[in-house]
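Going down the list, the sequences are from chains A and B.
To convert, count from 1 in the first sequence and add 2; that's this note's numbering.
To convert, count from 1 in the second sequence and add 17; that's this note's numbering.
Heads up, none of these hints are tricks.
Going by beta-carbon spacing under 10 angstroms, a handful of chain B positions derived as facing chain A:
(1) Val23
(2) Leu27
(3) Ala30
(4) Ala31
(5) Val35
(6) Val37
(7) Ala38
(8) Ile40
(9) Gly41
(10) Leu59
Straight-line distance between alpha carbons at most 25 angstroms, and here's what the computed DSS-like set of lysine-lysine pairs gives:
(11) A/Lys148 with A/Lys137
(12) A/Lys148 with A/Lys125
(13) A/Lys148 with A/Lys134
(14) B/Lys57 with A/Lys137
(15) A/Lys146 with A/Lys134
(16) B/Lys24 with A/Lys14
(17) A/Lys14 with B/Lys57
(18) A/Lys144 with A/Lys134
(19) A/Lys134 with B/Lys57
(20) A/Lys125 with A/Lys144
(21) A/Lys134 with A/Lys200
(22) B/Lys57 with A/Lys17
(23) A/Lys146 with A/Lys125
(24) A/Lys125 with A/Lys137
(25) B/Lys24 with A/Lys17
(26) A/Lys14 with B/Lys20
(27) A/Lys17 with B/Lys21
(28) B/Lys20 with A/Lys17
(29) A/Lys14 with B/Lys21
None of these hints come from the bench; they were simulated from the model.
Keep in mind the model is a prediction, meaning the values are calculated, not measured.
Glycine residues also receive a C-beta, built at the ideal position from the N, C-alpha and C atoms.
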Amino acid sequence: MIRTISRNMAEKLGKQLRCDQERVEVFAYGLQIILGTGLKLVLMLLIALILDTFHTTLICLITYIAFRNFGGGVHLSTYSKCLVTGLAVFTVLGKLAAHDIETGTLSLLLIVTSLLWIYAIIKWVPAGTEKKQVKDRHVRQKQKLKTGWVLMFWALDCMVLIRYRFIYHAFASQLGSLAALLLITPWGYRVANALDNKLDNLGKGGVRECIKR
Amino acid sequence: MYKKIVKMLLSGAASLLVFVASIGVSPNSMWILYEPDVPKSLKK
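Only chain B is shown next, with the shape it has when bound in the complex (with noise of 0.2 angstroms):
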């Protein structure tokens, strides 16, 4: 039980991360001054 619930999570998680990184690539500019490399995967 414990485990699927970790399990639930961190897939929820990586939703997330997957969801914030897109909107990184989209055309506006999210930063303040800086802005980190963009993968090579999101640039595809």
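So that you can see chain A by itself, here it is in the shape it has in the complex (with noise of 0.2 angstroms):
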């Protein structure tokens, strides 16, 4: 749907603009990218509002995209799926991080997402997907740098939160963090193949087949 949106507005703008079709493919994905990302947010943050975890969403959500942003990661394969399981993890994750967790734990919890995550940087980062690859080593290695500076701020951030008590805020971020890093690993990767055939199987009938029974 987003994509069809994208395309008639495209074309009504390269109409108005005398554009050729190269320019209005790029207009199309440009209005994909904001009409997309756009919408999502403002569900999740809706739901999250309607659930009253609207910070702790937030938060999870803040940290999962500057990971996400600078370390890759796997994606589905149509918008549709990433909008369901974007909005069911992250209103789970909000949700359970508004619960009350003992700061040694919190601690404990830092250290070892930090470590997995200096793993993963080493490892995999930058995780590309079939449509977008990093292959470049100069660029990997850029990517892997940034990501190296992100965690450094978000423990520093932890520690922060965890040191003077900010409970909640501490847990949704080590949460959103370790849902960008889950999805980088190769683990996250077949969890992901899994739900998009999934998915895939729901929308060929598998919902009506439930519902007969």
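Two chains, two frames, a set of hints: combine them into the complex.
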């Protein structure tokens, strides 16, 4: 749907500005990014507001995006699958982060997550997809370095949050970081592929079969 | 006058879209879980 709307809008814009087809494709791509991301963020935050988990969901999302932006990771094959999965994951994480947890446990989780991230940066970052892969060695090194900086700032931020007992915020940030980490690893790719296939099957009548039973 | 303003706004929107599209093809992945197909003209 987003693709069709973007395409139509881009064609109208191209017609008005008398642009060639290549330029119209670029407009459509830009529109897909703006509309797709906008819709997803609005829905996620709206659900969080309804469930009274706005702060934790927002922190979780910001941390996730910060790592994901530089670290990369697996993507689902269609926008609707992404929307459904994204909404489900961040609703659960936002709700989970609203639980009380001891500072000692949070500190331990921070150390473990940081160590796992260091390993992931060395081994997998930037994790590509079929559509976009970073093969240039120099660019890969740059992305590793940038993700390393994100990790450092994030760890410092978490330490401050734990120190001043912003427990929910620290936990939310750690959950966001763990979600981004999982999607960089080969296990994350396997989970996403399995989910992709499962959602494909549901779309082909799986849901109807369930309702009939 | 009205036409001129509309044209200016459309040109601004077009520039913004080109800018966003160029960010989209950078090595950074700004997508949460899904990424659209990159147009051929941006792959060059």
